[in-house]
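Starting from the structure of chain E, add chains C and P where the hints point.
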Amino acid sequence: MVDAGLVAELAAVLSPDRVRIGATELALYRRDASTIEGDAGVVCFPLTTEEVAAVVRIAHRRRVPFVARGSGTGLAGGATPLDGALVVVTTKMNRVLSVDVDERRAWVEPGVLNLDLSRHGAAYGLHFAPDPSSQQSCSIGGNVANNSGGPHCLAEGVTSMHVLAVEVVLPDGTVTMLGDPDGEWDGYDLRGAFVGSEGMFGIATKVCVRLTPNPPDVRTLLFDYTDVAAGAATVSAIIAAGIVPAALEMMDANCIQAVEAYVHAGFPLDAAAVLLVEVDGLPHGVAADTERIVEIGMAHGARTARVAQNDEERALIWKGRKTAFGAVARIKPNYYLHDTVVPRHRLVEVLTQVYEIAARHELIVLNVFHAGDGNLHPLLVFDKREPGVMERVHAAGEEIVRASVAAGGVLSGEHGIGLEKRDFMPLMFAPADLDAQARLREAFDPDGLANPAKVLPSGSRCGDISHAPEGAWI
Amino acid sequence: MSERPIRLGLVDDELATCVSCGLCLPHCPTFRATGEEAASPRGRIAAMRAVQWEGAPVDDGFVEFMSSCVQCRGCEPACPSGVPFGRLMEGTRRALVDAGRTVPWWQRLGYRALGHHRLVLAGSRLAALGQRVGLMPARLGLPPLPLRVPRLRATGTAAWLFTGCVMDAWQRDVHASVLRVAAAAGVGMALPGAGGDCCGALHVHAGLHDDARRLAERVMRSMPGTAPVVVDSAGCGAALKDYGHVVGTPEAAAFAARVLDVHEWLVDLMDRLPVPSATMVRPSVVVQDPCHLRHVQRAHAAVRTVLAPYARLLELDDDGLCCGAGGAYSALQPELAGDIRERKLAAIARARSAAPDAVVVSANPGCSVHLAATGLTVRHPVQIIAEGLDG
Amino acid sequence: MDLTGFADAVGLDGPVTIAGLAGRGGPVPGVRCVAAPAGIGTFLPEEMTVSCGAGTPVAELQAALAERGQSVALPDGGTVGGALAVGHAGLLRLGHGPVRDALLQCHTVLADGSTVMAGGTTVKNVSGFDLCRLFVGAQGTLGFFGTVLLRTRPEPAARRWFRSDEPATAVRRRLFRPSAVLWNGAATIVCLEGHPADVAEQAAGAGLVEVEGPPPVPAGARRPLASDDPALVGLPAGSYLVELGVGVVHLADAAALAAPRIADPGVVALHGRLKRLFDPDGRLNPGRAPAGAEPVAIGSVHP
Chain E
135 MVDAGLVAEL AAVLSPDRVR IGATELALYR RDASTIEGDA GVVCFPLTTE
185 EVAAVVRIAH RRRVPFVARG SGTGLAGGAT PLDGALVVVT TKMNRVLSVD
235 VDERRAWVEP GVLNLDLSRH GAAYGLHFAP DPSSQQSCSI GGNVANNSGG
285 PHCLAEGVTS MHVLAVEVVL PDGTVTMLGD PDGEWDGYDL RGAFVGSEGM
335 FGIATKVCVR LTPNPPDVRT LLFDYTDVAA GAATVSAIIA AGIVPAALEM
385 MDANCIQAVE AYVHAGFPLD AAAVLLVEVD GLPHGVAADT ERIVEIGMAH
435 GARTARVAQN DEERALIWKG RKTAFGAVAR IKPNYYLHDT VVPRHRLVEV
485 LTQVYEIAAR HELIVLNVFH AGDGNLHPLL VFDKREPGVM ERVHAAGEEI
535 VRASVAAGGV LSGEHGIGLE KRDFMPLMFA PADLDAQARL REAFDPDGLA
585 NPAKVLPSGS RCGDISHAPE GAWI
Chain C
19 MSERPIRLGL VDDELATCVS CGLCLPHCPT FRATGEEAAS PRGRIAAMRA
69 VQWEGAPVDD GFVEFMSSCV QCRGCEPACP SGVPFGRLME GTRRALVDAG
119 RTVPWWQRLG YRALGHHRLV LAGSRLAALG QRVGLMPARL GLPPLPLRVP
169 RLRATGTAAW LFTGCVMDAW QRDVHASVLR VAAAAGVGMA LPGAGGDCCG
219 ALHVHAGLHD DARRLAERVM RSMPGTAPVV VDSAGCGAAL KDYGHVVGTP
269 EAAAFAARVL DVHEWLVDLM DRLPVPSATM VRPSVVVQDP CHLRHVQRAH
319 AAVRTVLAPY ARLLELDDDG LCCGAGGAYS ALQPELAGDI RERKLAAIAR
369 ARSAAPDAVV VSANPGCSVH LAATGLTVRH PVQIIAEGLD G
Chain P
1336 MDLTGFADAV GLDGPVTIAG LAGRGGPVPG VRCVAAPAGI GTFLPEEMTV
1386 SCGAGTPVAE LQAALAERGQ SVALPDGGTV GGALAVGHAG LLRLGHGPVR
1436 DALLQCHTVL ADGSTVMAGG TTVKNVSGFD LCRLFVGAQG TLGFFGTVLL
1486 RTRPEPAARR WFRSDEPATA VRRRLFRPSA VLWNGAATIV CLEGHPADVA
1536 EQAAGAGLVE VEGPPPVPAG ARRPLASDDP ALVGLPAGSY LVELGVGVVH
1586 LADAAALAAP RIADPGVVAL HGRLKRLFDP DGRLNPGRAP AGAEPVAIGS
1636 VHP
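Sequence lines, in order, name chains E, C and P.
Each residue of the first sequence is one higher than the one before, starting from 135 at the first, in our numbering.
Each residue of the second sequence is one higher than the one before, starting from 19 at the first, in our numbering.
Each residue of the third sequence is one higher than the one before, starting from 1336 at the first, in our numbering.
In case anyone wonders, no lab produced these hints; they're calculated from the structure.
Built from N, CA and C at the ideal position, the CB exists for glycine as well.
Misleading hints may appear alongside valid ones.
Stated by the list, open to error - Ranges of calculated distance between the beta carbons of each label pair, as one might list FRET restraints:
| id | chain 1 | residue 1 | chain 2 | residue 2 | range |
| --- | --- | --- | --- | --- | --- |
| 1 | E | E184 | P | D1563 | 25 to 33 Å |
| 2 | E | A256 | P | E1402 | 36 to 44 Å |
| 3 | E | V441 | P | A1394 | 39 to 47 Å |
| 4 | E | E184 | C | A364 | 20 to 28 Å |
| 5 | C | T392 | E | D236 | 30 to 38 Å |
| 6 | E | E446 | C | T244 | 35 to 43 Å |
| 7 | E | Y489 | P | G1542 | 53 to 61 Å |
| 8 | C | H134 | E | E184 | 51 to 59 Å |
Unchecked claim - To spell it out: a stretch of chain E is covered by chain P in this simulated footprint if at least three of its residues, at any positions, have a beta carbon under 8 Å from a beta carbon of chain P; those stretches are:
| id | region |
| --- | --- |
| 9 | 415 to 424 |
| 10 | 470 to 482 |
| 11 | 553 to 567 |
Said to hold, decoys possible - Which chain P residues face chain E? A few, computed with CB under 7 Å, are given here:
| id | residue |
| --- | --- |
| 12 | D1436 |
| 13 | T1457 |
| 14 | A1473 |
| 15 | D1533 |
| 16 | V1581 |
| 17 | D1599 |
| 18 | L1612 |
The shape of chain E in the complex, shown without the other chains (with noise of 0.2 Å):
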């Protein structure tokens, strides 16, 4: 049921070819990569601040649910319009608007994608250093909404960290900008606040990042085992020896057999775990910490240790790892992927635990996953046509994410809590800080228009009557 009225203003706002109803166009907007279907009530382009200011005043206006919406890469849900929310797709604001080379930094516009922006920094030697695996294709407003990670943010931290200022449209349409472009500012840290609220907190229209300088050497190695604790015992040491490297990402069996069928990057298909382990910086510094990797690598059981030895070689291996998550339609069509961190030191044991209850489930699991940061990412992967998979699939990702948890981990590294983890934050949160959190949202969105009903479970707030709806799992 479309709502004319809505329709209407919006179209004298933007332009009529703009503002979009058929009933084929909305329904690709029912989700986003995750599994989660709500339903969109209309889907709308804006191209510019003052659009989006005009759009979302009128939802305020109207009482109208929005959700904003780039690349939809979001594996949580968070960009899952419920109740026929009006979808606000910023994929059209995609410009660079200006790089200061010298100060380094960008202001971009949120449909931007981050490789893309990447691209754009490197004439001057810059890249955006937070690097999730979908970043060809998600968009510098989705990584602010969900403070994205990747496999960089091991030494260089996730968004958060790159982002100085933000232009934001309030969910009462006020326009403002959080943070300062120089860095530093009196006040609460709003722009600290914004950056991860999933959407809930308004939207973003324009970011000023941080650029980081390339680094003038990198060295990729890439180290085999036939034992998982054997690579997992390599990260901690690696750790504790005083090194951070660039990144230190693991693949478990399964993955390393899904991967190595789509890319030929030359991943040992016996391996029970591949560590992959990249340096970067100056040369010194690089080929010392490389050699002592590569001791501490053999010490803790690697069969080989190989040094990647071009930029073809280094891409490919990269290509391997980022592309995982695809990679699995080669064994099923269908997959659902957690995202948890644990302690370091807990990671083979919450990692036992994963197989257990996968095994126990009769599901396949992979697994991908930031091994510095203790970010685990098992895969289920299945076939929804399969009658009562849904249901096995569900209990046994609950069942990891209570693992992790238990271990005293968090639910969730990098993706976010939208939908799919909001009903697990009593896991982690106490009511009262439940309701802190909802207190910080209420700040900004007092009418609660701005993608509601996710992260926070209904009731968090203290007297919260507002009506939460389920999140479809399909």
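The following block gives chains C and P in isolation, referenced to the frame of chain E:
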């Protein structure tokens, strides 16, 4: 407009392969131009699924989203799950044609005409004349067409040179260059017999499957035997290589196995070509990969191998994103095709910033014509090689 | 570390302020004063994390970390809680990052007496909204830090200070990720860290001359200001110190440059709503809240 259920008839397992990860998005020219899910491979697959699996009606939106696909297949190499997107799109287009939802009768006449080579040559000549006297509307987006086409003569029997329809009418000089380079390597080439003109590629893209199969059978008859079939048009080459699937017989599969892109074929002849002199001034060329060479045939590396001794190669930084030509696409979707071309032109300008006199090389007539229509000089790689041989 | 006693001390009514070592302005005068618990909890070098009470002196914490070759990116002096509440980094901010990036998890006592846990135990965590960053730099006006979990970093093999007579921007361009680039109107002062050979090569390549250590920091005022701000042009050399790339200027004379006023209506409104939701009666560190967040004066209309 009727919205009765249409069976797309797609293979369920192929349709199920997509995991909606979105890694295809930046490799899709229409998504790049619009930022819209409906203009992306992931969105189009979701729409196909809704029709095939949920019985969703085929509304005007659905037809539009399927028609706006360039069928460049840039999404295929980008897809870690190996979704056979080209096949899904061809199947969907075929179902839409069968249901009378796309390709009106007058367009169908146009496609049919491609199979009548004299008509194509005469039409091209007429258009060329029209251009000279200012009668051809500029909005057709055609660069100057040749008034005369050189006569081609077979030089031997070691390999067939497939000549094509539009390619032969507009760029027969490229065929002449291929014959010239082959001769320099001591290889004689035969020309196809009757019916060896239209390959049916555009018909496959449009969903005109029966026409495509009829043309494919004609083409196969025109080049019998076991000699390699060499193709200098990327779109035709991709089509000929897919005959096994289009016609569906063992003979067609055997024919397809004989097909080589001219650059793939030349790689093995390289050592028989005269070595360019050290003093030769090598021209700078920007290599523009036709989608059906890079994404479908995956033969773009061969272009660089054979071109490198004769030219200084400049690469584009756009990951082989489509230029928007797409066979008949630039005529059917001129606005989107123009938007897509803008990105390509910007990439070309970046590549040429180091060498402003660089010409663009492209191994497909559709791309060359689409890009040349903006005033760019676009050559075929083999022409550069032929000139290099001449010193 | 049990925070019950601390929460009881903060109580439920009346203005309250928090004291550390008075290194950063000290508690609000004339207001009932509490102190956060002190002491180092768990230091896990292989996790690169350490927990401690907010009342722990920074020097004590750094000394404990140094035994395992690590440190935290907090400025010298005062307590951990004070450093976090004020949120001003030390001179190595360009290389080590701002204070707000050092805090992983905190247990904070709010004005309503509740103790709230925010953040997580791991370096990477996006579970829920980022209250940690909200509390850093809030001057204790939204809550008082009780215990915190901090991210540690390995100490570099070498840390050396240099100077150059060339302009700071030109010097910075020649260096790969210096830890500090400072400009005092006459000279550029640089800190380089890393492998000793890399540090030496970088310094030689940029024509730097080694100096003993960091320069004295003018103590008059610290202002958020871009290094190329025209307001700096008229100031005499040596009367200020600019931190390049992080937007900070230290002044010898606070009156030389006025503090910027927060004027963005959206920001002011957000400050106000946050304060009302976290501390409706303005109990915590009265007078220290940013623009818009001080309680509305009696007689004006409460929206």
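- Which of the stated hints cannot be reconciled with the structure, identified by number in ascending sequence? Failing hints: none at all.
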